[in-house]
Every structure is written in structure tokens, then in C-alpha cells.
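Colleague: Here is how the chains run, residue by residue.
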Amino acid sequence: GAGVSQSPSNKVTEKGKDVELRCDPISGHTALYWYRQSLGQGLEFLIYFQGNSAPDKSGLPSDRFSAERTGGSVSTLTIQRTQQEDSAVYLCASSPVSYEQYFGPGTRLTVT
Amino acid sequence: GENVEQHPSTLSVQEGDSAVIKCTYSDSASNYFPWYKQELGKRPQLIIDIRSNVGEKKDQRIAVTLNKTAKHFSLHITETQPEDSAVYFCAASESGGGADGLTFGKGTHLIIQP
Numbered sequence: 001g002a003g004v005s006q007s008p009s010n011k012v013t014e015k016g017k018d019v020e021l022r023c024d025p026i027s028g029h030t031a032l033y034w035y036r037q038s039l040g041q042g043l044e045f046l047i048y049f050q051g052n053s054a055p056d057k058s059g060l061p062s063d064r065f066s067a068e069r070t071g072g073s074v075s076t077l078t079i080q081r082t083q084q085e086d087s088a089v090y091l092c093a094s095s096p097v098s099y100e101q102y103f104g105p106g107t108r109l110t111v112t
Numbered sequence: 001g002e003n004v005e006q007h008p009s010t011l012s013v014q015e016g017d018s019a020v021i022k023c024t025y026s027d028s029a030s031n032y033f034p035w036y037k038q039e040l041g042k043r044p045q046l047i048i049d050i051r052s053n054v055g056e057k058k059d060q061r062i063a064v065t066l067n068k069t070a071k072h073f074s075l076h077i078t079e080t081q082p083e084d085s086a087v088y089f090c091a092a093s094e095s096g097g098g099a100d101g102l103t104f105g106k107g108t109h110l111i112i113q114p
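Chains as they are written, first to last, in the working numbering: chain C, 1 to 112; chain A, 1 to 114.
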């Protein structure tokens with residue numbers, strides 16, 4: 001079946017602009033996660049959704065970051081007033097309930 | 001919060017030899033330990049995982065061992081092949097993720113020499 005998909009695959013934006021990243025999880029997966037991977041680094045957890053609810057938003061790097069999930073499916077990660085340090089690959093993963101997480105291909109964000 | 005240390009950062013082995021990557025974790029409440037393989041420019045792929053109620057799990061050439069007392073776990077790849085070349089990440093979590101997500105190590109770049 002179809003895996004996790006993300007769009008866009010690449011995004012170049014100017015410092016100060018807002019960006020919106022999209023994640024389509026595997027159908028039926030109730031858990032959804034966002035991670036950030038900086039160049040040559042491991043993955044940094046950002047936020048988790050169970051259904052449409054995100055019980056803990058403390059992993060988001062700053063108040064410029066927000067995320068939502070609607071209909072228990074698609075999720076969007078929004079970064080306002082982008083900064084150069086926001087440049088990274090943003091990865092989304094989904095899971096049936098918990099445990100095995102399956103990743104999407106990521107969105108490579110470059111802030112110039 | 002959880003902290004995961006991974007060693008070595010780079011590992012070069014001859015084709016056909018075995019490779020071992022080691023991780024330690026800090027939170028004794030962690031009970032789920034997956035391993036991911038990431039090829040250049042690709043998404044991380046789950047290759048094997050272990051839960052804290054078992055000490056070892058095998059899947060063909062890949063095995064993972066867990067020592068809860070010492071809080072460390074290891075990935076073993078036998079009879080390495082060129083397609084095993086990639087970056088491998090270990091991770092840990094309590095209850096498979098949830099609100100704390102997975103905490104990842106910094107990765108091991110495995111190079112298989114022909």
C-alpha cells in the first residue's frame with residue numbers, strides 16, 4: 001500500500017517568510033510524528049498527534065513553529081518568520097497506534 | 001529526558017565480515033528500541049526493533065541485543081554486503097513513542113569495503 005507522503009519535497013524560502021509543510025500518513029494510522037534532521041545529524045523529535053490531538057507541544061523549537069492535524073489524517077507543520085537555523089529536512093512518520101514508526105521522504109527546507 | 005549515545009560514528013568493514021553498532025540510553029523507563037537504516041537522500045527505514053521483554057531478536061543477517069541492567073543495546077550485521085552501506089540510527093522510547101517520540105542516537109556511517 002501507499003506509504004507516508006510529504007510535500008513539497010524541496011522548499012527554498014527567504015528569511016522572514018512563512019512556510020507550510022504537509023504530511024499524508026499511511027491510511028488508518030492514528031499516530032503521527034514530526035521530526036527534524038539537520039545536516040549530518042540524528043533526528044530531533046518535534047511533536048506527536050494521536051488522532052487530531054497533540055498532548056505536548058514542548059518539543060517545538062520556538063513559538064514560530066505550529067502544527068495541526070485534521071480529520072485524523074493530513075498534518076501540516078507551519079514555520080512563521082523563517083530563520084536560517086530552520087534549514088533542515090523535516091520528516092513525518094506515522095504509526096498504527098504506537099511503536100513501529102514509518103517515515104515519509106521528508107521536506108528539505110532551505111532558508112536563504 | 002532520554003539521552004541516547006551511539007558508537008562508533010563511522011565503521012568500515014570488509015565485505016563478508018560482521019559489523020556491530022552500540023547504543024546506550026539513560027532513561028530506565030524506556031522499553032522500545034528500534035533501529036533505522038538511512039541511505040543517502042532517502043527516508044529512514046525501520047530494519048529491526050526490540051522491546052524490553054526480550055533480550056535478543058534476529059531477522060536473517062540482522063540481530064539486536066538488549067541489556068536492560070546496563071542500559072545498552074547493539075545491532076549486529078553478519079556477512080555484510082555492499083548494499084548494507086548506509087547510516088544506521090538507534091533510538092529509544094517509553095511505550096513506543098507517544099508524546100515523547102523517539103530519541104535517536106547521532107548515527108553510524110557503515111562503509112562496506114569490497
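In case anyone wonders, no lab produced these hints; they're calculated from the structure. It cannot be assumed that every hint is accurate.
Unchecked claim - Simulated crosslink set (DMTMM-like; lysine to aspartate or glutamate; CA at most 25 Å straight-line):
1) K42(A) / D63(C)
2) K22(A) / D56(C)
3) K11(C) / E44(C)
4) K57(A) / E100(C)
5) K68(A) / D27(A)
Note that this is a predicted model, so its numbers are computed, not measured.
Colleague: Is it true that the CA of K22(A) sits at most 25 Å from the CA of D56(C)?
Modeller: violated (30 Å)
Colleague: Holds or violated: are the alpha carbons of K57(A) and E100(C) at most 25 Å from each other?
Modeller: holds (15 Å)
Colleague: Just to be careful, I want the Cα atoms of K11(C) and E44(C) compared with a cutoff of 25 Å; is the pair within it?
Modeller: holds (19 Å)
Colleague: Sort out whether D27(A) lies within 25 Å of K68(A), counting only the CA atoms.
Modeller: holds (10 Å)
Colleague: Could you grab the alpha-carbon distance between K42(A) and D63(C) and see if it respects the 25 Å cut-off?
Modeller: violated (29 Å)
Checked against the numbered hints listed earlier, the structure breaks hints 1 and 2; every other hint is satisfied.
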